[in-house]
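Q: Got chain A; can you put chain B on it based on the hints?
Quick mapping for you: the protein sequence lines, in order, are chains A and B.
Start counting the first sequence at 1; every next residue gets the next number (this note's numbering).
Start counting the second sequence at 1; every next residue gets the next number (this note's numbering).
By construction, these hints were calculated from the structure, which means they are not laboratory data.
Some hints here could point you the wrong way.
Said to hold, decoys possible - Partial selection, computed: residues in chain B whose CB lies under 7 Å from chain A:
| hint | residue |
| --- | --- |
| 1 | Gly12 |
| 2 | Phe13 |
| 3 | Val14 |
| 4 | Arg47 |
| 5 | Ala51 |
| 6 | Ile55 |
| 7 | His68 |
| 8 | Thr79 |
A virtual CB, placed ideally from N, CA and C, is assigned to each residue, including glycine.
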Amino acid sequence: MYKYDEYDHAMVAARVAEFSDQVKRRLAGEITEDQFKPLRLMNGLYLQLHAYMLRVAVPYGTLDSRQMRMLAHIARKYDRDYGHFTTRQNIQYNWIKLEDAPAILEDLASVEMHAIQTSGNCIRNISSDQWAGAAADEITDPRPWAELLRQWSSFHPEFSYLPRKFKIAVIAADEDRAAMRLHDIGIQIVEKDGQHGAAFYVGGGMGRTPMIAPLIKDFVPLDDMLSYAEACLRVYNRYGRRDNIYKARIKILIHELGADEYRRQVEEEFVHVKSLGIDPPKAEFDRIAAQFAPPPLDASAPDEIDRSDPDFAVWVDQNVAAHKLPGHAIVNISLKPVGGIPGDASSAQIDLMADLAEKYGHDELRVTHAQNIVLPHVRKADLYAIWQALDAAGLATPNLDLISDIIACPGLDYCSLANARSIPVAQKIATRFSDLGRQKELGELKLKISGCINACGHHHAGHIGILGVDRKGTENYQLLLGGSGAEDVSLGTITGPGFDEDGVVDAIERVTDKYLAERAEGERFVDTYRRIGMAPFKEAIYG
Amino acid sequence: MKLLTGNDLKTGFVTWWTGADWSLHIEDAADVGEHGEAVLAVEEAARRVNAPYIIAGEATADGPRPAHIKDRIRALGPTVRPDLTLKPADPAAGDWVI
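Chain A on its own, in the form it takes in the complex (with noise of 0.2 Å):
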């Protein structure tokens, strides 16, 4: 994985010292909550409903055993002994207090971490497939692309004050795992000719207007990737909206130009920015590249998994994914106890998952956009020792892709932006549906909770999505039916009238009747959604 040089030290040791001053200043009383907010959020430091929220960058989900410990230590040190794994693939605590934060910027500054740009209108962490490097399915490890637009829209003097937030992703396989076309731009490495090059989809979101991005571009050589990113960029710094939070988003630009005009404008522009020479010598990406060199893994190691044990039989089914070498296994460890907080882990969890990844996956974690965390390269062999290990730390939970498996913001409980608690309503669907064989027999159900029109829970983009508003002051839950974040991406569709937090749990369980009664062959909830309609659903939900 990446390795910090002396150019990355000095930004990050200036930037903490930066931030370590104007903490002082305020505290002292120098500068005004009005001064200082701007301040304190590009650097992650949040306000929120109990104390601040300091939101900590994992640049593409990707963390060694060391920056893992890391992460825990704060947990234990600052916080109080949780972290938060969240939708962008970071992590954030909710404790931090402020005259600690330039202590833990210094902590996170020691293993190559910080806060910088989790926050802001500016281009936030870049994410991607958590499975990177190791899935079966990829042309190319798309990494090292992401780490590239890391360092290229790290403190973009252009792009540091845009008219909105601004996300991107980068996968490399057709199979999308980190719900590319929902971003602001989504990157997907493809091949042409024998030539991978970077088909380019700008202007997908979720929030209060969710959009699937158009493609913009089929194939761009990778030669000229981040050229095509900065004209992509300036067309929208120079119209995107700045008189309307609502309505600052690329997407609402693209939407409203229409996406051909876009592209003309992005196309004119790039002849221009192509001539700035902004795209790296072709050594500078080898240097980055070699970083991300597969590991050391035995091609001879053995492929038959010893399944005697019928608990462990049950995990590797659904929490094991194939590997692109033989005698290997990608290890996805649920966040999603039954009745526990999605994303949340102790800070003995951390450790715990740091150790395993030290022992036996070539000390490689990966942070998912659905809150779980991966260990993208261990040997079948160790698989039960890593079982045990996580099954006693109550990490070992069988459910990936299933309905347990909740995406859930973290919603009124903690969130300023909320309007209604989403983890209350994932634990209680989580507890209905505990039964791993009922689980098992719906298959692949996406369950998103969001908090708020926000939608930092996803819900657009759930099989079964649930949408939290305020109604004359109680909560009340919006159910949405059909949306997508993978490679079929769909956005979701509101069934009708909202629930109560026990209603919208009835709601769910006749909705899951319906399909069960419904479905064809082979058809996930989705499919069946896709085939049949809302029609059937509503009538089940609302007789």
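A: Frame of chain A; chain B shown alone:
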């Protein structure tokens, strides 16, 4: 009744105006009545509390309570982690929040 609330500058913790100072406990909150805006202006200038604001409250036998669910959750802590609330040992502490 009207209550004045904000988040403590140093810790970010939720805090309530008692009539003379700030307290972490909603039970200590004072009805600022007609004087809310004046207290708010003074306290904003003092820069001890972030973004103070006035909310509607209700007087109950157990003390003042915020009218809106968001401020009730602020007053106690996350409903999903009773161990992290201001009254972790009291299983009934959150009964009035939701």
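Q: Indicate, hint by hint, whether the structure satisfies it.
A: Now the hints, each set against the structure:
1. Gly12: Holds: closest Cβ of chain A sits about 4 Å from glycine 12(B), inside 7 Å.
2. Phe13: With a minimum Cβ separation of about 6 Å from chain A (threshold 7 Å), the hint on phenylalanine 13(B) holds.
3. Val14: OK, holds: valine 14(B) within 7 Å of chain A, min 6 Å.
4. Arg47: 4 Å, holds
5. Ala51: Given a least distance of 6 Å, the restraint on alanine 51(B) holds.
6. Ile55: 12 Å, violated
7. His68: 6 Å, holds
8. Thr79: Holds. Min distance 6 Å.
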